[in-house]
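Residue numbers (my numbering), protein chains in the order written: chain A, 314 to 768; chain B, 314 to 768; chain C, 314 to 768.
Keep in mind that the hints are not guaranteed to be accurate.
Now the in silico label distances, taken between C-beta atoms and shown as ranges [what the hints assert, rightly or not]:
| # | chain 1 | residue 1 | chain 2 | residue 2 | range |
| --- | --- | --- | --- | --- | --- |
| 1 | B | Leu367 | A | Lys487 | 35 to 45 angstroms |
| 2 | B | Phe432 | C | Leu367 | 49 to 59 angstroms |
| 3 | C | Phe483 | B | Phe432 | 57 to 67 angstroms |
| 4 | C | Leu692 | A | Ala344 | 21 to 31 angstroms |
Hints in this document: simulated from the structure, not taken from any laboratory.
Where is the CB? At the ideal position from N, CA and C, for every residue including glycine.
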Amino acid sequence: QMNTCSKAQNTDKMTKNSANLRVRLPALIFALEVMIIVLYAVFVTYDDHTNALLQTNMTKPMENAVYQDYPFFADIQMMIFIGFGCLLSFFQRYGFGGMVFNFLTATFAIQWAILIQGFFHFYYDGKIHLGVINLINAEFACAVVLISFGAVLGKTSPVQLLVSLFEILFEYLKINDAGGSILIHVFACYFGLGVTFILYRPSLNDGHSKECTSYQSDMLSVLGTLFLWVFWPSFNCALTLRGDDQHRAILHTFIGLSASTLTAFALSAMLNKNGKLSMADVQNVTLAGGVTVGASVDMMITPAAAYALGMLGCTACMLGYKYLSPFLARRLRVQDQCGIHNLHGLTGLISTVAAICELQELIPGLKAGLGRTAKEQALYQLAALGSTIALAAVGGMLTGLLLKLPYLASPSDEFCFDDELFFNVPADYNQAPVAQDLGPFHLQDASSKGCFPSF
Amino acid sequence: QMNTCSKAQNTDKMTKNSANLRVRLPALIFALEVMIIVLYAVFVTYDDHTNALLQTNMTKPMENAVYQDYPFFADIQMMIFIGFGCLLSFFQRYGFGGMVFNFLTATFAIQWAILIQGFFHFYYDGKIHLGVINLINAEFACAVVLISFGAVLGKTSPVQLLVSLFEILFEYLKINDAGGSILIHVFACYFGLGVTFILYRPSLNDGHSKECTSYQSDMLSVLGTLFLWVFWPSFNCALTLRGDDQHRAILHTFIGLSASTLTAFALSAMLNKNGKLSMADVQNVTLAGGVTVGASVDMMITPAAAYALGMLGCTACMLGYKYLSPFLARRLRVQDQCGIHNLHGLTGLISTVAAICELQELIPGLKAGLGRTAKEQALYQLAALGSTIALAAVGGMLTGLLLKLPYLASPSDEFCFDDELFFNVPADYNQAPVAQDLGPFHLQDASSKGCFPSF
Amino acid sequence: QMNTCSKAQNTDKMTKNSANLRVRLPALIFALEVMIIVLYAVFVTYDDHTNALLQTNMTKPMENAVYQDYPFFADIQMMIFIGFGCLLSFFQRYGFGGMVFNFLTATFAIQWAILIQGFFHFYYDGKIHLGVINLINAEFACAVVLISFGAVLGKTSPVQLLVSLFEILFEYLKINDAGGSILIHVFACYFGLGVTFILYRPSLNDGHSKECTSYQSDMLSVLGTLFLWVFWPSFNCALTLRGDDQHRAILHTFIGLSASTLTAFALSAMLNKNGKLSMADVQNVTLAGGVTVGASVDMMITPAAAYALGMLGCTACMLGYKYLSPFLARRLRVQDQCGIHNLHGLTGLISTVAAICELQELIPGLKAGLGRTAKEQALYQLAALGSTIALAAVGGMLTGLLLKLPYLASPSDEFCFDDELFFNVPADYNQAPVAQDLGPFHLQDASSKGCFPSF
């Protein structure tokens, strides 16, 4: 591997790199925190369900909105911090980075989204009014950020993550006004692809020695998948109408996920030369159904339709992982590290188009609030979808350019996917075996998510 | 271990073995999915709480059944996918198989149970009516399947698991009609024992080199135990009557589990030659109380009785692990891989008998709905218990015979407990140390669950 | 490291040590269980929400208290058994001890607290009346025990843990009468420091070869942090008034934790020579905000104040880890293994003082129930705080003396932080690499929690 001489050089390079973090990261975080706390002090107050002064003798404590909102909020917290955190720790030597940068990013994304969404949606009498419902909305914005970041996992510094966060949130929340939560996955995906297009690293197309999993990291990652799988119904129903709408949302999500799970196992064995299952498929593609039912999750689409959407989205996602992602990287300079285009882009597109069709079917004589015919409404929604993709991609590319600024501590190619760059690592870090025979092993090892060496 | 020559032979054998999976698994899964989606399309519709057309102006959204059902449903999902998934990953090299085949099996079991139970219990006006309550019932049927499979963990292929699933569910749901959820553990146990009796592998009685745990797998497994422990009250109360019944069920389950936990630690140190604690005991025997209170969990049995049941069930379970399981394997050709007879059979029997006695005690002048005296009712229930065991065992044996068919990709003895048979494994898979000195170590290592070499 | 000769001696020493566990642990546990079950049989019965005989035709099942209490109870169970269990498994070779002794201790603490609190707070008509609300109260007492034990992690036997448990609970519940749940953290911290002061081990001041983390143990530990982080709002609100009080408690806890998380990352990079992040900081200091908002969590303190408390508590906690803990160990003979003084002591003090100030501010003309002025009330509360600390410290030292009794199987210095003393360990236990170059590495490795070798 490395002789003592180059190891010393390595340590020097590393130290110079992370020395930036010693000033830049605290400086950035403290600046942001000062901004947040000032905005909180000036603008943020309690809403009707959190303000003690607005409770009267007539108020029934158990009818406080918190009892309806908090359970879903907590479920989605588990998805964000635990599910996503574990899922992203699949790299053999980027477990700390995966789980812990997710922790930092998500925390900050939610804080910032509370403020932005506060100004756009919860602002009256000169104040942002805060309750758990704001937190749920902020979680959705946070999900956009985390999905986008999947495209560049292992290739950025925490400074870059925090800087890009603003741009993502602001763009998303401008667009979200008209689209509702349908566009979360689509927006997040194409924004992330825009970023990674600009941050293209040619040398990574031949693979990277640390771009592989270990037995334990694969286990932890699939555990993350299971957390996301179990609580996805909460995510899909949290912002739908209470009552039968939320009940249908839960049902459809469960059915869609079940269908995509079974289909994922089938396709994984089928598309693998030696008929073996790939852990990367189990970690990612099983979740496709949750995204694909998303846009029509509260409609009366029938349980069979939810099942069909699960199977369809899963198939598109799997084919994307096997064929489209390598093509995007090789030909279009889009290195999609976690394959977000398969799990959120393709499935999100199918989901949105399906919802438009279903809406046509379910309500034939539909006249939208603005007096459109059904056909016009469909065209309007397709246009909204198209402009969302365009704006997301452009926003992503602009953010990518921003991230190329020299002071943001971007890791060099050599130090991607490497915890040692930003963390103190334990004694056994360097003793973990790294893939020795990179040539043949690397090409055949489909158990490494995103490990497409001959990009 | 193996020289290059036999490693090549090994890889050949393995490839031939799993090549079966490349056609058989997708073929089976797609066939099943087509069947499911057709049945869904023809027969499955929304129930009163999920059908938008049945909601009126008078309907109060927050009184929708989903708000009572979904929390328990989600808790049990965590037990099934996360708790059980982690618990079953105790083998050093069968972590992928344990956690991921549990994922596949559970998903399919719930889907199939929704249909079968739908036809038996939720069918009217020519349709199965679906809501989250159906999902909860399906989770219980799924638990039967997963418990049964514990008897053969590491010794089957996913094709075998899916094939046997039908039989288990159909049998269970025929029997369950009269027994309620009391018989879950008993049925699952003896069905599983029936299967493993037929699938007896003589060479495994001397132990298997991969039939041991690693430090990380033991940690992940006990984490699974903790998930099951924390949410078992939800499992035991989900199908009891709302109100004080559910409250008692939660209370008794917690007390019973606490008692069995303390007792398990005591017995583990006591029954171990060197006075050390065994992780296998902590992973399994601590849970015994949850099963043992199960049959009387909503009755007015007094908290002290719940405590006593916990201690009793734990003791039976521990003695079973130490003495009965080796005997069953050595003399009766029943290789109970996870010791389900101890955790679900013995405890389930104690639970059922205790419930019968308690019912006698609590309601002396009991006249059952069919006009029986108390004594007759007790005899009737004992008869139901006996016939359940018999039917389960026979059903299990028939399923075992079915699983011996040649096209189901059954692993040879050599490839049991080995992820490499069905999964692409990461680079560090073969570098994990395997027990070298199998003789003395193996006999004394009680930390390996089910590691009873001299069967 | 060790030659065969001393390894044999080691095994002898170890065997003699744990042989004590074979008799002592079961004897102690069985004695305690007999005591518990007798007390249950004589004194414990159902409360109004669990007693079937007290339900009438007018009773609405869904208004049973269990539906308000159980969700918070289950969330806190997840924190206690899973969150804390994972967090405490950061030592490379004390994972079993960390997670499993936490399991044993917590189970027994809750059982014992149910009885003690039962006699103090739920006793009428000659009986302790039991429902899930009792369990929630018991969880809080359990938290006191677990926090205290953090000071001596890896340095005690399970026998010592169970013996000291009584003392802690009894002391705490005597004091808690007047203080509410504000004093949990403060009491637990100074009790634990009292214990560790008496159990001072001079040789540990130069560090211990096993007092370090591994890559996997650091991952599992931060996963525990995430569980605690996600559910801390449930912990802080479970015993506050229903309605807007609980809603504010959830909001403030979330805000406080978010603030301390961001601040922790900033300070971790800033205070580290090489600007790298330390996993120990991410595992512990991110949680400081949850403690610091605790005492005023249901008051109308404004969201900005919650944010400020989070930042403040985090800063105190981090400075404590970096500078105060080494000083306490080096100069005051207080070896605080997990740094509980930073995460619970300093933050708890800030929290309590802040609450006193806020109460002054919020209610200027306050006349406490006993006719005091606002100033008098503040002085009274400060006196209560001071006496709590004094009583806790003294109680802790007395307990420490008790733990020095010869029959409690205390590990020798050599066998601290070592699972092999009390557990059967898997084959790969001794192959895990231990820090080789202890001198320079040890001093710089801030990723090991509590690893302050030059105490």
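(message) Quick check: does the Cβ-Cβ distance between leucine 367 of chain B and lysine 487 of chain A fall within 35 to 45 angstroms?
(response) Given range 35 to 45 angstroms: holds, Cβ gap about 39 angstroms.
(request) With 49 to 59 angstroms as the target window, see if phenylalanine 432 of chain B and leucine 367 of chain C comply at their CB atoms. (result) violated, 40 angstroms
(request) Could you check the hint for me, namely that leucine 692 of chain C and alanine 344 of chain A are 21 to 31 angstroms apart, CB to CB? (result) violated, 40 angstroms
(message) Looking only at beta-carbon atoms, does the pair phenylalanine 483 of chain C, phenylalanine 432 of chain B fall within the given range of 57 to 67 angstroms?
(response) holds, 58 angstroms
In terms of the numbered hints stated before, the structure departs from hints 2 and 4, listed from lowest to highest.
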